[in-house]
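S.K.: Here's the letter readout for the chains.
There are 2 protein chains.
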Amino acid sequence: MNSLINSDFKHPSTCAPEDFLDEVSRMINQSIIRNSDGKLRSIALKHFESKGKVLRPIFIRDLALSMNLDLASVLPWAVTCEILHNATLIHDDLQDGDEMRRGKPTTWKEYGAEQAINLGDFFLIIATQDLIKCSLNSKNELLHLFTVMSSRIVSGQVDEFELNKLQTKNNLYQQYLDCIAGKTSSLFSGLALGVGLIAEASKEVLNSLEDIFFQLGHIFQIQDDILDFYGNKQRGSRGSDIKEGKVSFLIVNYLERNPEDFGLLAGILRKKRVDTNENDLKLIEKLFKDNKNLEFCLDHLDQRVNDLRSHSFFVSNTELYNLVNSLVEKVLAPIVEISRLHLKV
Amino acid sequence: MNSLINSDFKHPSTCAPEDFLDEVSRMINQSIIRNSDGKLRSIALKHFESKGKVLRPIFIRDLALSMNLDLASVLPWAVTCEILHNATLIHDDLQDGDEMRRGKPTTWKEYGAEQAINLGDFFLIIATQDLIKCSLNSKNELLHLFTVMSSRIVSGQVDEFELNKLQTKNNLYQQYLDCIAGKTSSLFSGLALGVGLIAEASKEVLNSLEDIFFQLGHIFQIQDDILDFYGNKQRGSRGSDIKEGKVSFLIVNYLERNPEDFGLLAGILRKKRVDTNENDLKLIEKLFKDNKNLEFCLDHLDQRVNDLRSHSFFVSNTELYNLVNSLVEKVLAPIVEISRLHLKV
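These protein sequences, in sequence, are chains A and B.
At position 284 of the first sequence (counting the first as 1) the number is 284 in the numbering used here, and the numbers step up by one without a gap.
At position 78 of the second sequence (counting the first as 1) the number is 78 in the numbering used here, and the numbers step up by one without a gap.
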C-alpha cells in the first residue's frame, strides 16, 4: 500500500501572461495524475482535453494583472476555480440530462451516470489540493472561501430543481435571480474575491470586487440563457433549456409581462425531454417574437451592463473599469451575432 | 447579497469522552446551518437525524484517548471524516439504486437523483470547513490527507463499477481487494493517520497506524459483505448486493474455489435489480451452503483478525493493541450472531 502522505509537489515561482492558461492546464493534469490511476485517471484527463472557454482562469489572470500581482501567486486559485467549475458541469449535465458539451458526449452519456457522479466528486475533492500546498498568506481565507462559494453553487442547483417544478407562478422572477446568484454568480464573485485576498486588498476593495463580479455573473448567465434558445452552444441541439424544463431568463421575462400564459408554458416545460417536439419550440418562438421578448431581454441585459459600468468603485479605478469592460465584451461576444441577426431584420 | 467572507466560528477548547459524539453531531449541524438555507438546509439536517453507527468518530475518539490527546483537538478531524463518509453514502446509494438506509428511504429515493447528487456534493464541500478554521499545527497535512483519501474512495468506486461489469473471471479476487482498499480501507487508515498527525507522532508510528487501520478496514468491509447476505442491514431486504449486481467477498471467495460457476453467478449478478428474484437468491444460498462458503469466509476473516493482532507494532504498544482489539469486536459484532446461527446448527 502506498502511504497516504506522500505529497511533495512544487508550484512555479513566476508565470508570464501568455503562459498562464497553459500552466493552469498543466497543473490540473498533474493533479489528476497525482491522485488517480487506471480508469479514473483516463476519464479525468480526457475530460480536460476539451477545455471550453476557460473564462474563469482568464478572469483571474486579467484581474491579477490589473492589480499588479505576480501571476504565479494566483495559479493555485485559478486551478481551484477551474476544477470546481468542471466538477459542477459534469454533475449538472447528468442532472439535466444534457448529452453534449463542448461538441462531445457528456461524461454520463459516455461512461454512465455512476462514473459521472464519481468524476464530479473526484474534481470537487482535488480542486483545493494545489491551494493547500501553496505558501500564500491568505491560504486559509481562500480555502474557506472555496467552501462557501461551492456551497452556494450547490444551493443554487437545489433551488433551480425546485423552481423547475413550476409549482407556483408567483415570484418566478425573484426565484430565478436567487438561483443564478447561487449557481453562477457566486463563482464569479468568489474568484474575484480570491484574487483580492491574494493581493491582501482592503475590505473596501474586497467588497467592491465581490459586488462587481457578482453582477458580471448575472450578465453571463442571462446571455447564456439567451444563447441556449437563439444560438449554438455546442450542446447538440437548440433549445436544450426548454426540453429539459428549465425556467430560463427568457421564460421568466416573458411570464413577467404575460402571466396569463403560465399554464401554456408550464405545460411545455413540464413535458419529458423526449416528448418536447419542434412544434413546442416553434410555439414558444412565436410567443417570444410576437411579444418582442428577445428585445426586452437584450434591453434588460443592456441596462445591467450600464448599471455595472456606473459602479461607484470605478470612479477612482479606471484600470479596473477598463478590465471589467473588456470582460463584459468577452461575456457578451456569443450573443452579439444573435442580437444583430434577430433584431435588425 | 451576503458577503462570501463572513466566517467567524469557534471550536470548543476541551471535550469529555461522553460528550464527544454529541459535539461532533452539533458541529455537523452547525456547519450545515452556516452554509445553507431553505430546501438544502432541511434535507441536509434531516439526513443527519439518522446517525448510523458513527463508527469513524468513535474510532477517532478512542484512538485519540489511547494517544493521550485532548479530544477537542481531534473534533474537527472527526467532523471531516464523518461528513465525508456520509457524502459517499448518499452518492453510493444513488449509484447502487439502494432504496433504504438506516431504516429510512435513501436521499435519491425520497427527493430524486438530482437532489441526492446535490446533497452529496454539499457534504463533500463542507467536510473540511471546521478543519480549515482550526489552529492545529498539522492542519495543512490533514487537509492534504483529506484530498488523498477521498480521491482513493472515489477511485475505489470507479473500480467497483468496472468490477461489477464482470467482463472477465480472471483476477476477480485481487480486483475486489483493490476496490475495498479504495472505497473502505483508505478512510479507515486515513482517519487513524489523521489522529497520528494531530498527535505529531513519529514517521514509524504514522506508518503503523495507517497499516493497522487499513487492515481493520478490510475486516469491516468483508463483514459488511457477509452481513448483506446473511443479516439485516436495515436496507429493506436481504441480498441487496446480489440484486444490484455487486461482486461481494462472498462471491469472489466462492468463485476462487469454484471458477466453473462463473457463468452461472455472473448471469444472476448481471440481471437488472427488478429481475433478480427469490429463486436466484435461493440458488446462490444453496451453492454457498453446499460449498461451505460462509465457513470459508468466516475462517478468512478469522485469519485476518489474527494477522492484525500479530502486528509487530503491538509488541511495544499494548495500549493500542487493546484498543484495536476492542475496535475489532465492535466491527465484528453484527456478524457474531450470523456465525452462531448459520454454523452451529
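Please note: incorrect hints may appear among the correct ones.
Sample of chain B residues with no beta-carbon within 12 Å of chain A, all distances over it, derived [said to hold, decoys possible]:
| hint | residue |
| --- | --- |
| 1 | E162 |
| 2 | R257 |
| 3 | G267 |
| 4 | N279 |
| 5 | K286 |
| 6 | D299 |
From the structure, some residues in chain B lie toward chain A, with a derived Cβ separation under 10 Å [stated by the list, open to error]:
| hint | residue |
| --- | --- |
| 7 | Q157 |
| 8 | D280 |
| 9 | L281 |
Covered, in the sense of this in silico footprint (three residues per stretch, anywhere, with C-beta under 8 Å from a C-beta of chain A), are these stretches of chain B [unchecked claim]:
| hint | stretch |
| --- | --- |
| 10 | 46-57 |
| 11 | 121-128 |
| 12 | 187-193 |
| 13 | 197-211 |
| 14 | 217-229 |
| 15 | 314-322 |
Hint data in this document are derived by calculation from the structure and do not stem from the laboratory.
For every residue, glycine included, the Cβ atom is placed at its ideal position computed from N, Cα and C.
S.K.: Taking the hints in turn, state whether each one holds.
M.R.: Right, here's what the structure says about each hint:
1. E162: Non-interface label on B:E162 violated, nearest chain A Cβ at 6 Å vs cutoff 12 Å.
2. R257: holds, 26 Å
3. G267: holds, 21 Å
4. N279: holds, 27 Å
5. K286: Nearest chain A Cβ is 31 Å from B:K286, so the label holds.
6. D299: The claim holds: B:D299 sits with its nearest Cβ about 24 Å from chain A, beyond 12 Å.
7. Q157: Since chain A brings a Cβ to about 5 Å from B:Q157, closer than 10 Å, the hint holds.
8. D280: Result: violated, 22 Å to nearest chain A Cβ.
9. L281: violated, 23 Å
10. 46-57: violated (count 0)
11. 121-128: holds (count 6)
12. 187-193: With 3 residues close enough to chain A, the hint holds.
13. 197-211: holds (count 5)
14. 217-229: With 0 residues in contact (Cβ-Cβ under 8 Å with chain A), the coverage given for the stretch 217-229 of chain B is violated.
15. 314-322: violated (count 0)
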